[in-house]
Structure formats: C-alpha cells, structure tokens
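Using the sequences and the hints given, assemble the complete structure.
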Amino acid sequence: MKKINLLYLFLFWFVLGSFSQNFTISGHITDAKNGETLINSSLYETKSHKGTVTNSYGFYSLTLPKGAVNLMFSYVGYAPQNRIFKLTKDTVVNISMSESVELSEVTVFANRKELGVHGSQMSAIDVPIAQIKSIPTLFGETDVLKALQLLPGVKAGTDGSAGFYVRGGGPDQNLIMLDGVPVYNVNHMFGFFSVFNADAIKNVTLYKGSFPAHFGGRLSSVVDINMNDGNNHSYHGNVTIGLISSKLNIEGPIGSDKTTFDFSARRTYADILAQPLIKATLDKQPGMQKTEAGYYFYDINAKLSHKFSDTDRLYLSIFTGDDVIYANINQSSTSSDLGSQNTWLNMNWNWGNLLSALRWNHIISNKLFMNTTAYYTKYQFVMGIGTSTETVTTNPSSTTNTAINLGFHSGIEDFCGKVDFDYAPNPNNDIKFGVDYTYHTFRPGVTVAQITGTQQAMDTTVGDQNVFSHEAVTYVEDNITLSEALKANIGLHYSTFFVQNQFYQSLEPRLSLRYLLNDKLSLKAGYAGMSQYIHLLSNSNIELPTDLWVPVTKRIAPMRSQQVSVGAFYNLLNMFDLSVEAYYKNMDNLIEYKDGASFLGSSTGWEDKVDVGRGWAYGVEFLAQKTIGKTTGWVGYTWSKTEELFNRPGQLLNNGQVFPAKYDRTHDVSIVVSHKFSDRFDMGATWVYSTGNAGTLALQNYAGLPVQGTNKSLTNSLTSIQNLTNIPYISTRNNFRYDSSQRLDLGVNFHKKLKHGTRTWNVSVYNAYNHLNPFLTTTKTVSTYNSSTGLYTQKNELVQISLFPIIPSVSYTYKF
Amino acid sequence: MKIYTLILSIILFVFFFTSCEKVIEFNGTVTNPMVVVNSIISPDSVVKAQVSLSRFFLSSQDTFTMVDNGTVTLFVNGIQKELLTHTASGTYAGTYYKPIAGDSIRLVVQTPGMNTVSCGTSIIPKTTIISIDTMHVFTDSTTPITVFDSISGTTTKIGNSIGRNLKFVLKFTDNPTVQNYYRLVVLTKTHTSKGTTSDYSFSFDDIVSGNTNKNSVGPPTSLTSNKFNVFSDDLFNGKTYPLTFSIPDNVNVYTIAGAPVVIRKDITITLQSISQSYYLYLQTRAAIKTNTFFAEPVQIYSNVDGGMGVLGSYTSSIWRISVKP
Chain S
1 MKKINLLYLF
11 LFWFVLGSFS
21 QNFTISGHIT
31 DAKNGETLIN
41 SSLYETKSHK
51 GTVTNSYGFY
61 SLTLPKGAVN
71 LMFSYVGYAP
81 QNRIFKLTKD
91 TVVNISMSES
101 VELSEVTVFA
111 NRKELGVHGS
121 QMSAIDVPIA
131 QIKSIPTLFG
141 ETDVLKALQL
151 LPGVKAGTDG
161 SAGFYVRGGG
171 PDQNLIMLDG
181 VPVYNVNHMF
191 GFFSVFNADA
201 IKNVTLYKGS
211 FPAHFGGRLS
221 SVVDINMNDG
231 NNHSYHGNVT
241 IGLISSKLNI
251 EGPIGSDKTT
261 FDFSARRTYA
271 DILAQPLIKA
281 TLDKQPGMQK
291 TEAGYYFYDI
301 NAKLSHKFSD
311 TDRLYLSIFT
321 GDDVIYANIN
331 QSSTSSDLGS
341 QNTWLNMNWN
351 WGNLLSALRW
361 NHIISNKLFM
371 NTTAYYTKYQ
381 FVMGIGTSTE
391 TVTTNPSSTT
401 NTAINLGFHS
411 GIEDFCGKVD
421 FDYAPNPNND
431 IKFGVDYTYH
441 TFRPGVTVAQ
451 ITGTQQAMDT
461 TVGDQNVFSH
471 EAVTYVEDNI
481 TLSEALKANI
491 GLHYSTFFVQ
501 NQFYQSLEPR
511 LSLRYLLNDK
521 LSLKAGYAGM
531 SQYIHLLSNS
541 NIELPTDLWV
551 PVTKRIAPMR
561 SQQVSVGAFY
571 NLLNMFDLSV
581 EAYYKNMDNL
591 IEYKDGASFL
601 GSSTGWEDKV
611 DVGRGWAYGV
621 EFLAQKTIGK
631 TTGWVGYTWS
641 KTEELFNRPG
651 QLLNNGQVFP
661 AKYDRTHDVS
671 IVVSHKFSDR
681 FDMGATWVYS
691 TGNAGTLALQ
701 NYAGLPVQGT
711 NKSLTNSLTS
721 IQNLTNIPYI
731 STRNNFRYDS
741 SQRLDLGVNF
751 HKKLKHGTRT
761 WNVSVYNAYN
771 HLNPFLTTTK
781 TVSTYNSSTG
791 LYTQKNELVQ
801 ISLFPIIPSV
811 SYTYKF
Chain B
817 MKIYTLILSI
827 ILFVFFFTSC
837 EKVIEFNGTV
847 TNPMVVVNSI
857 ISPDSVVKAQ
867 VSLSRFFLSS
877 QDTFTMVDNG
887 TVTLFVNGIQ
897 KELLTHTASG
907 TYAGTYYKPI
917 AGDSIRLVVQ
927 TPGMNTVSCG
937 TSIIPKTTII
947 SIDTMHVFTD
957 STTPITVFDS
967 ISGTTTKIGN
977 SIGRNLKFVL
987 KFTDNPTVQN
997 YYRLVVLTKT
1007 HTSKGTTSDY
1017 SFSFDDIVSG
1027 NTNKNSVGPP
1037 TSLTSNKFNV
1047 FSDDLFNGKT
1057 YPLTFSIPDN
1067 VNVYTIAGAP
1077 VVIRKDITIT
1087 LQSISQSYYL
1097 YLQTRAAIKT
1107 NTFFAEPVQI
1117 YSNVDGGMGV
1127 LGSYTSSIWR
1137 ISVKP
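Residue numbers (my numbering), protein chains in the order written: chain S, 1 to 816; chain B, 817 to 1141.
Some hints could be false.
Below 20 Å or equal to it, Euclidean Cα-Cα: the simulated PhoX-like pairs (lysine-lysine) are [what the hints assert, rightly or not]:
1) B:Lys838 / S:Lys780
2) B:Lys983 / B:Lys1140
3) S:Lys258 / S:Lys307
4) S:Lys66 / S:Lys47
5) B:Lys838 / S:Lys795
6) S:Lys676 / S:Lys626
Keep in mind the hints are simulated off the structure, nothing from the lab.
These numbers were taken from a predicted model, which means no experiment stands behind them.
Here it is, written out as structure tokens:
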C-alpha cells in the first residue's frame, strides 16, 4: 500500500510539473576559444532556484514557468555569464564561455556543481585534465588513471602501476569508457602506464557509488572519459619530447567551423635508443648478420566531429594502441666440412585495443535530446615465435630447410548499438532513458604450432572455441527536484545476458538523495545495485597481456553488489569543497583463484580453478579540495576494510573462514598540491601514504608426510620426497601485511612565450626521497660457508623487491 | 610450457632489471614452534605416527626437531586403546591394535613444554575392484629411437618406437550412504631381455570430471594438477563406475642386434578408499606448483587441533597384471 501511495505521489508531482504553463530554454554551452563543448557546465535560474547541467555533448534543457528569468551560466575557470529575458516561448540560448581574465591564472581545478553541495549525485568526482597534467608522474608521463588513484576510495595496485581498486572491488570491476566505449585493456607496459593520452582528453569523471541508472555492467566504478572534439576556429597543437616517449597533438577545423578534428599520437622510443647497445652486445657473437630487438608502445586518438545543423551533430572517435615486443636475429656459420648454415629467429608479440565509435546527436525537440551510438571495441593479444634454419652442404650438394613456428592469440571483441535520450519535460524532472545491445565475442586463446622440414612435421591448432554472448540493457532515471531542499535521482537499470544457452537477468534500482541544509551544506544518501557478467582471469600483481576476459557460465553466476552510501558536503568560503562519505558494499558471486591455481595464458577449464564466494567492503572517505586561488589541490583520506568469505560446499577457501582481500588497506592518504607562481613558473607535488597490501606468507615450516605410491613404490617410507618435505604452513589467506607505502613526487614547469607559441620545460622527480615501496615480499634462502666447521649453513631471509627508486625525468613541450 | 616459460622470463627481466631488492625485518608476530603430527593409517597394520616441531620461517635451523620424548595416546571409538611406543627418531608405533573398517581413531599427543594436540579420523571400508579390462590402442605416431655418440658427436637411429597406449577400465561400486574419496595408484615394473628393470608411477590430470588434459599421462611432475590421482564420488555417487585411464606402452622395434627388448611389464593397480582428511591433504599437496611464479599460494590441509599435520586413513584394493609385448 505504501508503495502505491508513493507511486501516486510521484505521478502527481510529474503531472503537476508538466501541465503548468512552462517554456523550455535549451542550447549548447561551448568554449569561446576553441568551440569545445563544455561538459557538466551549470546553469541556474536565480528566481525559481531551478538549474541543470550540460550533458556529455554540452547540451542543456531547462523548463521554467513563463515570465522573467535570470539565467546564470558558469563553468569553473570561465567567466560566468548571465542572460536576463522574459520567457514567453520555447527559446534556444547557445552560450560561448571565455576563460576568466581574473581567475584564469589561478583557477585550474574544481569539482562540478552537480557533484558538489547542490547536486543529487554523490560518490563521483570530476578531475579536469588541466589538474591531471599538473600532477608529477613516473618518467613524466601524464597519466589519467594514476591521477584517479589519488582520490579517496581509490587504491593503487602495486607501486607504479596504473591499476586501481575502488571501494574494495577488483580491477575488472571498473568500467572504463572512452567516448562511451568500454576499453578492455587500459594499460601499457604491464600496467605501469595507462593507454589514455592526456593530450587527447577533455574530461574525466569517476563514479564510485550511487551510480546513475545509465551506467551498469561493473560492480565497483565507472570512469567516463571524453576525448577532445577539436578546435573549430583555428589550428593548434603541441609536441612533447619526454624521457621515454614523444607525443603530438593537433586539432582544428576542416573547411569550415562545422567540421573539426583532433589527432593525438604517442610512441615510446626506448627500443630505438637501445638498438645500438643491443647490436653492440649481440654483434660480438660469431656470424651475427642481423640483430633487431626491443619493446615499445604507441597509441593514436583521432576524432572527427561535424555539425550538420543546430539539431544534428556527428562524432567519429577512433582509438588504437599496442604494446610490441620484437626480435629479429639472423646468424650464420660456415664450415669447410659441413657447408654453411643460416639461422633466423623472429619473435613478435603484440597486444592492444582498437575501438571506434560513431555517434549521432539529434535534438528532437528542445525538451528531448537523443544520442545514437554504434561502436566496435576489441582487445587482442597475438604472439608469434619462429625459428628457421637453412643448411647448405657442398659434398654432397644439398639444401635443407627446417622451420618451427609457434603462435598464440586471444582477446575480446564487442559490437554495440545504443540509443540514449535526455528528456526535460518540466522544471522538476530531468529524465534519461535508453536501450543498448552488445554482441560479445570472447576469444579464449588458441595456440598454433607448425614444424616443417623435420621428421616430426606438425601443423596443429589447439585451443578453445570462441564464445559468443548477447547483452541487452535498458534504463530509465529521473533527476527530480522535490523541493528546494530535497532532490532525488531515481532510476532502474535492467540488463540481460545470454551465453551458451544460459540466460541471466538483473533489475537494479538506483537512488540518490540530496537534502540541502543551507546554501553551503547538504546531506546525501545513495543506493545502487549492480551486476557484472564478465570476469578477467589474472593472478598476478601486474597486468599481463595474457590476462583473459571470460563470460559468466552456467556454473559461475554473475557477480552482484549492493552499495549504500551517506555523506555530507560543505562549501567553505566558496573556495574549499569539503566532503565526508561513508559506504557499505556487499558483493556476491565473487571469484577467487583456488590454492595453487594459475591462469597464465589459458582459460581452459577456468571454472575449475576458481571458487565462488562473497565479500563486503566498508569505509569512510574524507576529501578537502581547494578549487580557487594560486594554490589548488586536495587532501584525501580513506579508512576502509574489505573482507571475503568463501564457504560454499566444495568452494572453500581459507577453510571457510573470513579473510582480508588482497587490496584491503586500512589507511590511504593523498595530498595533491599545485601552485602557480607566475605565468612562467608553476609546480606540483603529490604525497601518498598507504597501509601495506595483504599477502600470503608461510610463517612456519614443518616436516610433511611422504606420500606413498608417488615414488615408484607402494612402501610408506619415512624418507622425504624432494621439494615437498619442507611444507610451508599458511595459517590464513592474506595473513601478512606488506610494509606501508609512501612516496613524494615533485614537478616544476617553466613556460616561455615564443613567437608562434609557448614552450614548457617540465622537470619532475618520482619518489623524491627514494622510499623503497614493496612490489613483492618473499623469502630467500642464503647459504653461508663456515670455514671453521667446513660446513654450509642455511638461513632464510625476508626479502622485499621494490621497482621504482627515485626517478628524475624531463620533458619539453611546444604548444602552438 | 616452453612458451610460457619464455614469456615469464622476458617479463621478469623487464621488471627486475630496474628493481631493488633488500632484506627487511619481519614486523609481524614471531610464532613459536608448534607440534606436528603426521599419520596415515590402514587396516591390518599397527598405528604409526611421526611427531616433530615446526620452525619459524626465518629460523636458521635447517632441520626439523623430532619429538622423541612425547606421549602419543591412541583412542579407538572414544576409548583409550594404547600408548604408542617410541621406535625411531620422532616415530611412534602401536603394538597390537590393528584398525578395522568403521573404527573412529583419535591420537592425543603430549610434548613437554608444548600444547597438547589431537587429531582424529575414521577407517574407511574397502572398495573392491569388480573388474579391470585392458585394451591396447595404437596412437598412429612413430618416434625414432636414437643413440648419441658424444665422442663423434653423431646421432644414430637404432629403431622406431610405435605409439601405443594400454587402456584400462576399472569397475567398482561406490557406497551410496556416505561421501567417498578415492585414490588411484598405478605402478609399473618393466623387465628387459638383459635382465634390467625400470619402475614408473603415473598421474592422470583428469580422472573423472573430464575437465582438462583427458589424455595426459605420465610421471607426476610439479605441474601436474592431480598429482596424487585423488577423486570424489560427486559424479557417480552410489553407482558402479567404470574408471577409464591409459598409460603409454609403446612398441619398440630395433634395427640393431642386442638392444634391450622389453619382455614383460608388471602393473600394479591400487584403488584406495581414503578418508576426507587424507583426500584434502593430498589435494592441497598436489596444488603446490613449485616452479610457477604466478600460482596462488596453497594452504596445506591440516586436521591437527592446536598443531599441524594430518591424520588420515586408507584401505586398498589391489590388482596385479602382467603384460607381454
């Protein structure tokens, strides 16, 4: 009965709002300097206290009662604008905003209004690309994902890694989207750099909880990344030469201001620089003819946009990037007796993403915005190794050719079509709804072996067949203004997944509430149910190209989570945004690898290598941001716990007892500061501290029982079996804490205006006080010779391996 | 596996050529040694147990301390039966009691200066092998048999090895009233015309569930997933089950005189009914992969309250077959 009453109340509110005499103001908000649409830009009507924000395409729609209106348009770092007019009909107001003369020197970062005190959304943070670029990083490589690691609620993986863990979730529980397209492999160089080139990116938003209903498919986070559309006024660009890579970005109009492009490319060149060293080393080998070997990665972002009219726009986004390891070696030998022999070794590993998206914006009416997207995304790993030998003998005269080639490929591929609508029927409701369909192809790994020219010729293909699945989603959400103080976002997300004759579905309610206590202080609460139909098989601390995406199966049901969060948001002196959020999340059908399981490059029988259980995470996050002034940045602190329980029949881990998750860390602190001294000089600093990760370490050893029958005999001897007598005793899973991690990174920028542009020298130091943070802790046995006894004694030592000591770097950027 | 070894080597090189390694202090709680009890018992044999002390993982001690002054008390069906006698270093044995199927066994071990520990198991009834059928299956592969002369550096072909497997179908009936656990032990002794013998034991990665490497046979290695051939009756509870497995039994044809021709192969097949504790212990022991960097750590099963180790039991049903080429 209570539910029915609430429904009537909702409908009454909706109808009341819809049938008042209202008119709609709509339009796009863009940057006056380059025509880029401004995402999440705010507009606010001062009399009615109604407002909204622009969507991902810079479009807004606000319906207001007939009469005089005073509209304030604002975007942080830009001079606010207002429009005063009498609203007597539906009106289009396009706004071009200019960077604030007063504030441009000092304002680089701010949280968007929708996420701050006034918005209903919580557990979400915008990180403008300007702020990301000011954060000092490893080898000076600006990294979007590493910037996210500095936010409360987000934990970095191992030292230097771009992998991240949000509110107790694993890396595969993060949905990372580039222009609305999922990116399956977000890392270069085994996870130490992300694939996102900051030069190509306009906006990054992280959602940790209270997910709007238009997002789904992962349990723990959504990272929504938007690429630049391109300048529609004139050509601009920049070139950066760094320690390990160089980058190029160029943008501008094509023909007229209706069509724009943005192109970015990046490539590392360690392989080119190392080539002389490799040649010098290998060429010393007798008979060496050709020596090429190395590793590099590259990525290319390209975007075209075309404005057909005020109501129709088309966007084409393309991203591709690969990591490549290669070796081409040719060696020959000649013997007067045996003739000559030529040997070639060719190795080529290649892994990366290719994605493209075509999006069509159409404004159906000034209240209804539609976006239609068709996209393709693929991650693949291809490995080839081959040797071939040509043997030429003169007496008797003969030529023999032998070759051994080995290949492996795996990956995932999606085709997707979706339609999203934004509908603002009245001042109190802002509705989003849509549908999408994705056709997944999982390529679980195929090995091809060919041997020719020998007695044991072979041409074999081994591996699992591709797995195909269908995923369909529909959603609806309404951002409702219930009163001046109370605002809510209510939504439903319904998803289905069909794979190998197995059908799964999930209905996920979403709710966010904001209660405004005064203009500076609000309380928020949120709830989100989420489901996930795919898993990433990986059991290492680093990202490997062999990690495999696999779908749910009949035995392994979809992961599901429910998260509640509450928080308080306070704006101090219009300068500081302070927030505290508490959350509790439970996760069901989690998978963990069985004791001893390894997934290196093979998904075969993966269901037998995992156990299914549940987990829960809870914590408190504090964030204090300074958004205006010469000094900007934030201080974040997270207190959290993440635990798991695997006690289902036949699915026992840790003897069915609760254990801490691998990335359960109690304390995480981050301090990010940027300071602009003048137009010519600014600097940034980052300091992070975190409790050590949990790991499993055998703290005792004991004499194990010999097993009869394995040593070619049925006798139950008390003599030991080699390597297994000394049994490591692990009391509980993840029973050991690595040492805590801490790091200070510093960076300074020296700018100078030149005739045709600006040059910037960046000097940065990663891990400035050289704190050796743990990557891996293990034991090592050391033998010592005792000269007096003539005997060796053995001693076990606890050894910590750290990857990155103090690393200085320098880069040069020319911007025109 | 060579590919993966190569992948690993390169990846490890990439990471560790810049890495720093340092010896660190252990900041956790230094745990004291605990009493370790190991005993696998079977009917028709007196109870034996091995008692020792564990050692802290950073201990400089390189051998285990055997407990020679402990008291090991045997309880059968809740009643004290006898005190085991110290017979050798760390080893204790009963004098007269031989377990019978259905008995509930408990060992209580007291060690001076240490906690009293205890463990229990029950004796599983024997599962009789109903029949074993064998069949030779040729594999359509021929491998040259060669000898290498290290002095001249030449390789000479001396014959061919024709691929052939010996397939077994072992039938037994599972007890429907309880959860049962089994272990298959297959041993061969090959006799040659020159009077030499060679012994082999075999492991079968997939013996019942049909999951992985159905045809994988060969000696157990550290990478074998089911090193000890254990399985449960989950898929055939209460049924007469035909357990199918194969071992290689190639036919060697020599082109030279005097080669050591195989004249007979003695095969011993043992079907053990094992206790749950022994099953879990062997499963976790087999899960340890000694040379895979990326494998998950393994918690070895222990059923010793207050200590570590395992008390398990088995009963065997044995068939012996002699096969001529």
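Is the Cα-Cα distance between Lys258 of chain S and Lys307 of chain S 20 Å or less? Holds - the C-alpha atoms of Lys307 of chain S and Lys258 of chain S are around 5 Å apart, at most 20 Å.
Satisfaction of hint between Lys780 of chain S and Lys838 of chain B, Cα-Cα up to 20 Å: holds (11 Å)
Is it true that the CA of Lys838 of chain B sits at most 20 Å from the CA of Lys795 of chain S? Judged against 20 Å, a Cα distance of about 15 Å means the pair holds.
Hint check: Lys983 of chain B vs Lys1140 of chain B, CA-CA at most 20 Å. Holds or violated? holds (15 Å)
Decide if the proposed pair is consistent with the structure: Lys676 of chain S and Lys626 of chain S, CA atoms, cutoff 20 Å inclusive. holds (14 Å)
Regarding the pair Lys66 of chain S and Lys47 of chain S, is the alpha-carbon distance no greater than 20 Å? This hinted pair holds, its Cα atoms lying about 12 Å apart.
This entry satisfies every hint, going by the numbered hints stated previously.
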